[in-house]
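Dock chain to chain to rebuild the complex, using the hints, since each chain is given by itself in its own frame.
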Amino acid sequence: MAAPESGDGNNGAARMVTLISSDNTRFEVEAAAASLSQTLQLTILDGGGGGGDGIPLPNVDSATLSKVLEYCIKHAPAAANGGAPNATAVDRAELERFDNEFVNIDQSVLYSLIMAAHNLEIEGLQSLVAKKVADMIKGKSPMEIRRTLGFPDPTPEEQAEMNAHMLEYGWAYE
Amino acid sequence: MGAAHSRLLPERQSLSLTSLPENVLMEIFSRLPAHPAFLRCISLTCKEFHQIVVNPDFLRLFRAHHRDTPPLVGFIRNQSPRFLPTIGGAVVQYDPDRVVAGAGALELDDADWIVLGCRHGRVLLQCPERRYLLVVDPMVGRREYIDAPSWYRLRHSSTAVLICSPCHGDHGDCRSRPFRIVFVYFSVAFMTNISIYSSQTDQWVKFQTPRLPGPLPLPNPIDTSRPSILIGNVLYLFTIFTTVLCFNVDTQERHEIPQPPGNHYIERRAVLRVNTLLVAPRDASLGFLSVTSCYLKLWVSNFADGVHLQWTPRWFVSLDALVPLPEDIAEPTQMPKIRIIGHDEDGNVVYLWSLAGVFAIHLDEMQSHQVFSNYQLIHRVYPYKSFFLPPGIS
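Chains as they are written, first to last, in the working numbering: chain A, 1 to 174; chain B, 1 to 394.
This is chain B alone, in the form it adopts within the complex (with noise of 0.2 Å):
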């Protein structure tokens, strides 16, 4: 401290901010906004200030300072570009010379690697004919790759989901710690069967169909296609029928509650499966989203002793009452004319292509936003959302 004190005795005029010491630089540079380029343009500036940003105090103080929310930094995808920068949550053109303007590109070198998920700042990728599993931390560049199960036949139909490990509530750091993947496979008999893999021991352990007796084996199969949400301990998942199936990664129970009535592709085309998507609500355990042409409409699930009870409707809210659609909208068809192109599972935030773009519906809030002008970005986003991280901090 007795540095820092004289400093402010003699001519003020001298006073710069590289003077200042350092738990005083602290608390300036960490009420920047959270996206990480600020902080990135900090660190470039100087090597004073470079020293300070890389301190993990420091990095523990801004995040505690943004409540520990990572913000948006952009989409991955697995199309061309692969991933498209966010600024305030809106896509930006990415431009080199303004580094703060453009985040950057992502520039995987396997590109035709097929992203299944990203999860606290890892992004979970998996090769064409699906013999192995990659594992990329794209902010500090570091990557490992997983072979599948020995047990998994490619033929069969597989997804697969990133999770920590353990679960916990504090993800500010998780990235740097061990992670699971649950791979999740059905083989001829339509069994779905569930794998996981642990980094901490490098090894897969199978979990074994319980063989149910009865004309129709349960479980039923997975639908590969649709995102899954892991909330707490449980991953729930869709499976190709009308039922989702919830699976407790730690002590790997499962069973399949049904999903709720009247949104099913098969029973009626009301809605179409694109169209539905399960999500966390802040003050629920497992909601429901369905969207059509013209509504949005929640379902919670009432939950008694981890027990799944039954399905009730939340709230029903008219789509352009977030959404501004063009006039011609009217019945749902065979090609929506609005679909939910990717979902934030810990903001609850759903992303809604439409003819006048993309939007970010904040479910919880019930606010909406546009992400994306145009209406070509159709295929399905990953949000990324990270701190700033200095490379090689482990």
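Okay, chain A solo, but in the shape it has when bound (with noise of 0.2 Å):
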């Protein structure tokens, strides 16, 4: 690790916020970490979060929150460096092990992921699980798109729909 002490704060004493999901379960977390997420920065610059108060986060599952905050943890020490321009090479290669694995997930994790992501402002994993379900749909046909993400198959007015679309798209596309 780059700098072991600034995982753990100024003075070894890091300051820490409660954040409490949609079913009421309180997490403890690191100030730094929690401040991945741009909405909570706000919060956490007032002042917010500490003591027995927590943050409430009314539209966050404690499954979705708890994996949430793994990436954030992981993250933050980075985050901390203004995009680690001095991280070596084995910490990009570590982080980036750690990202490939993390988002090796159920679909329906990954959606709820990048939900709250999406609400909570977290740049980085917002983009990282889009860039995973993007992945996961490029270079399939669109009826292979459709088995991929469990739609049921088109009923004949959609294929009829469907076709008619193929033809409008001309030459380039056959």
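Listed below are the simulated PhoX-like cross-link pairs for lysine-lysine, each with C-alpha atoms no more than 20 Å apart in a straight line:
(1) B:Lys-47 <-> A:Lys-140
(2) B:Lys-297 <-> B:Lys-337
(3) B:Lys-47 <-> A:Lys-138
(4) A:Lys-67 <-> A:Lys-131
(5) A:Lys-74 <-> A:Lys-131
Think of the hints as simulated: they come from the structure by calculation, not from any bench. Please read all numbers here as calculations on a predicted model, not as lab measurements.
Next up, the structure:
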């Protein structure tokens, strides 16, 4: 790790904040990690979330929140370094490995994650999940995309509509 | 936003891609590769997705994600098949069952029309008897026929160049904007004449050749068989002698500059004419590339106050560093064993044919990759680049 001290915060005593999920589970987490969320950052800068208060997150359930926080804790040190200009190649490779494994999960969890990342404005996580979902569908035919995403097979009407669209595209995509 | 929030609350298991709000879906789709085949598949998947990918806001976001640099979709050429689809910069077999694997086939009705060039998603063609020009946007199926200037005599050699109107930096949307055609021909007395068509006025304007005193009429006739290049608002065209004609398409000012020494067919046979090319290096105003069986050489023009002063050699690279050549290639002969067959002005990529196939040489990065493994692709190709454009978008 590039700077073990920075992970523990200044002077060894990191400021902690409490986040409360929609199903009332309390998560205590370092302010630096929670601040990856643009939304939470403002509240935290105002001194919120400390002590017994906690920040309620009515849109995020506990399972999703714990996953979101797992991401934030891992990425907080690099983010604190201002995008980690001095991060070593090893650090970057480790983060990349973490990211790849992190999104290797069920689709429904991915969608919950991207919604949470969107609502909490965690740019890196939004981008990571969006890229993952894009990778799942890229290179597939429309029917394969439907199957990958668990859509029902098209009704005859939908099929006819798709065929009509196909024709509209002219020569370029026959 | 309220609706989006409420979706998160109940059972997570029911969350599917279609239930995500539109801006999140846009975020996801904007991360697909730039090649239009990918968005086309999305648009055919279901009605909801279709609505998103035809949304101009989404298309802007998508282009921004890809730095407004459209990907290579294929090569247009004057032989059959007239369109060679590419994915990831390499020619792929067209396969109707695999929409993504094969980008499709160009089916121009005007099969005997001659492709003169492509720019920013549009293709310029000329009919064999040279009386008409045609501007096609194959992605949206738009075609516009234009009469050659009435003062043009068909027996005169001619070429034409498609340019945007006016010249501008951002080409993301320029295919829906007006265009111009610079029509160059030379008459008896070897006078080069230039006319410009504007799609806004649907009119040709003729620019008279200034008659200069002296024994030789200037400017020199341009070489209609060799590609020109547009840099900013100046069009550079090879003449049939040792000069380059510089024509400002906005002010119509024109003058000639010499070609770098030692590269001319007539002077010495060191470099065949087909293997010289005007290029636009990222960090120079104008470049001149020459290719032999052994090396690539780039000259750059030193400009001061818009006036060309001299050519400076920029680099000299052994060809085998970029293109794997068969052993028996030696001295240049009448039939080159390597030849320039295509040029992407905006990307500064030159396409070289060799017995080992066709290679793309990225001149700024000094990198190359194989585009096509078959040596039969020897004729000129016109790289066609475009983002996804849904039909009916104007």
